[in-house]
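S.K.: Protein sequences appear in the order of chains A and B. Numbering of the first sequence is given in this note's numbering, commencing with residue 1 and proceeding in unit increments. Numbering of the second sequence is given in this note's numbering, commencing with residue 1001 and proceeding in unit increments.
Do not rely on the hints blindly, as some may be mistaken.
Stated by the list, open to error - The calculated DMTMM-like cross-link candidates involving lysine to aspartate or glutamate, where the alpha carbons are at most 25 Å apart (straight line), are:
(1) K1103/B <-> E1127/B
(2) K1103/B <-> D319/A
(3) K1100/B <-> E333/A
(4) K1022/B <-> D149/A
(5) K1103/B <-> D328/A
(6) K1046/B <-> D1021/B
(7) K1103/B <-> E193/A
(8) K1100/B <-> E340/A
(9) K1100/B <-> D102/A
(10) K1103/B <-> D329/A
(11) K1103/B <-> E56/A
(12) K1100/B <-> E234/A
(13) K1100/B <-> D328/A
(14) K1046/B <-> D146/A
(15) K283/A <-> E303/A
(16) K1033/B <-> E1050/B
(17) K1022/B <-> E30/A
(18) K1100/B <-> E339/A
Because the hints were derived from the structure by calculation, they are not lab data.
Chain by chain, the residues run as shown.
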Amino acid sequence: MGGEELVRLLTPEGERVEHEDYESSLSRDEILGFYRDMVIVRRLCNEATSLQRQGELALWAPLQGQEAAQIGAGRALAPQDFVFPSYREHGVAWTRGVPPADMLRIFRATVTGGWDPNRYRYSLPTVVLGDQTLHAVGYAMGVQRDGADEAVMVFFGDGASSQGDVLESFVWAASFQAPVVFVLQNNQWAISEPTSLQTRIPLYHRSAGFGFPGVRVDGNDVLAMYEVTRRALERARAGEGPTLIEAYTYRMGAHTTSDDPTRYRVEADVEVWRHRDPVERVKALLARSHRVRAARFAEIAEEADALALVLREEVLAMDAPPPTAMFDDVYAEPHAWVEEGRRTLSAFLAEVAS
Amino acid sequence: MTTMTMAKALNEGLRRALESDKHVLMLGEDIGKLGGVFRITDGLQKDFGEDRVIDAPLAESAIVGTSIGLAMRGYRTVVEIQFDGFVYPAFDQIVSQAAKLHKRSEGAYTMGLVIRLPFQGGIGAIEHHSESPEAYFVHTAGLRVVACSTPNDAYWMIQQAVAHDDPVIFCEPKSRYWERGEVDLDNPPAGLFDAVVRRPGTDLTVVAYGSMVKTALSAAEVAAQEGRELEVIDLRGLSPMDLDTVAASVERTGRLLVVQEAPPIASVGSEVVAAIQERCFYSLRAPATRVSAFHVPYPASKIEDEFRPSVDRVLWAIDNLMEHDS
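The shape of chain B in the complex, shown without the other chains:
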């Protein structure tokens, strides 16, 4: 066990990936000498060379498109998209090509490709630097989507994503980059797509991912002082989702609350709620519910704390949910 920030854990995980397979490459804007705008790739170009850690011209579609070509050649490229809001120029290459080439080639092309996406807000940034675009990719068959929430997961999940044979959208909660946590350098915590119970409880199941896991855990601590035991599940896999773990929890607690930074409509939370009411209808004692951002463009960041679910807004939703008792 060692303690490090999520940013450092990602850096160490990427270093292991580069060491373990010479076909692993990295491609992105400013990832070389600068180490990326968040320093996630700090020092990697110096140690692995410009042919493997490649500073890209500023063209997101080309970053993803050429990584697809490299995947066709047998390389595994880890793409860094500088900020969530800059992924859209690459949308066509991701959904029309990366997602479909394994199918189109009847399995001949393996899309070994990881698209790292610093996502979610909470850093006081200007427009396009705080978005939660994960639902677009979850909706697209052929892609896999994961979100890490702790340094330990970041360290392991990035390595598991690189080793995976399908294209993986790897969502990194940028507001948690600088938070420290314990990292077990010897044993992975779980499979890449497995949900993990972060806090056991009996009264209500809270599902969260990315930045909202910590928010949910904070809410659970406050709720415990009020005599409510929340079970907090870190979803981790967004496509596929480990709904078995969520359903098993809801069967026990009878209540589900999904907490997400994304806007609510057609979101990851929508899918969790829909799937769980299909599976656990007769166990639910209250409506399965979401706490989300709102159906508006990401606001000017001076008011982002009211846009993103806060501990208080989660507790408010829990109060409303607990009033139901069918």
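Only chain A is shown next, with the shape it has when bound in the complex:
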């Protein structure tokens, strides 16, 4: 899986392995913290799927299978770093402190964003594939000009890797030596299209053609993800330029709740990846090597259940905004046509109501 160059520190069976370039510096409590993160985001994700099935969300994009890629990368970030997600990075959002209910506002279709990106230093979902890679490079050029000790991390997928904007962002990041870390989550499927349709070479090889390093990581190994991203972020902050990290992983669920993966992939493949589960391997490590007791795991599961319940309540309490909210924040300064629309709709609604 993933070839010989795959960076891995933890096997699917939960065995620690050595790597000549990377070693894990994590303590037992830190690993347990990552495990807790992964259990919680998986549980919240499942709750969101249920909410969609019950008609409470317009759509949901499940992250199941990609918890290690997201928690490892997210926990490697420093507080001052800035992150640009695509739309499936609920795990990274969790590490940045974005309230789970806010992550679901866009999927409940009450807003088109969901949170203040500057507060969490975590930007908003970008649905047009790859657009955010250019924003990340531009932001990083701003960091350079400010002389700030910050790095920028941007997420995209194997499908988006075919987008012109992503490739342009590689050109710019290289030309300007921007302090940016590209995290490509290769989850093997762009809705129904396999990665083989997007590329004839391993995706992490692409960076070499642009003049910066690329690394392929076992995206289901949270220890490896953490160490590789941490080093790439340090490299960026030190002014040594961009890095491409390919997190080799698998989308265990559907692309979104509107998708039907049984039409294009075989269950046997999913089963193979089920044995590489990112959460179970950390649990095995913690139980075997760090003597974490069953009761502690049960506590974490209960905590996740409780958070899911809170999330459900918060989502159900989320009402549609007033119709005139569509006119808010379109511009930073008032615009006559927007205000004309506000007056027209308000007058119509007032007349209909009376």
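The hints should help you fit chain B onto chain A, whose structure is shown.
M.R.: Chain B only, in chain A's frame:
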């Protein structure tokens, strides 16, 4: 008061913008040592450095996309798109991102971004160098669009656009770059989006913007010799449009003619005509009318003078309009 070309006025305006705010940057192809293909940024990189006046790799989507990222970081980037016809690779970043991020972020992101667009034709260029794409951007909520027509406006409007907190598509009529005019270095002529009456008149209101303001003024001079007093309004703001100024004029003259270099369908002229007939229906003595280019791709430039409205074609339209007397 001093006299200079529009190209020089833009250069001086950009220089003031760079001087007044250290967060102002410039980004575009060949804008450094070369000073841009039209020399609008001439000397700015030398004086403000390569970190502020940045030669961009040749990728328009990236030029706009990275400027959006810089805006998120608090910078105000003035983008130069080399020619109108090269803006389309950046269309997605402009309409899906720059236009929507203030809304999507509920006001957290301010899109301080100016996209300079040398537009319109009349310079005998090859394909893709003479287009009028302004309607695409006027149609998109979240963007603002302006067009300058004189050196004085160019000098002031570019500074006002840079200081504005919304993304501004700044249309520069390239055929007028080398024409000279007076520039008042002390006082701005009007607000960024205000329409300006360039010539008062009583018989017919002519609305134009960009290159067509001069064409309309020339037509008004000829018409005056024939005893017709045209009021010529320079629209300047295309989104928003100062329709109050246009409506007040049409209320007096009873006739409206919009002159534009763009093709007619779903154009800026369409919007002016529609809005004015809604507002001034009972004051109109003749159908509100457009003189435009045609619904064809910009032609080979040997025949562009028949594609773009000429003084004679404007006068021809005026003759037809004046025959109405309801």
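S.K.: Which earlier hints turn out false for this structure, listed by number in ascending order?
M.R.: 1, 7, 12, 17
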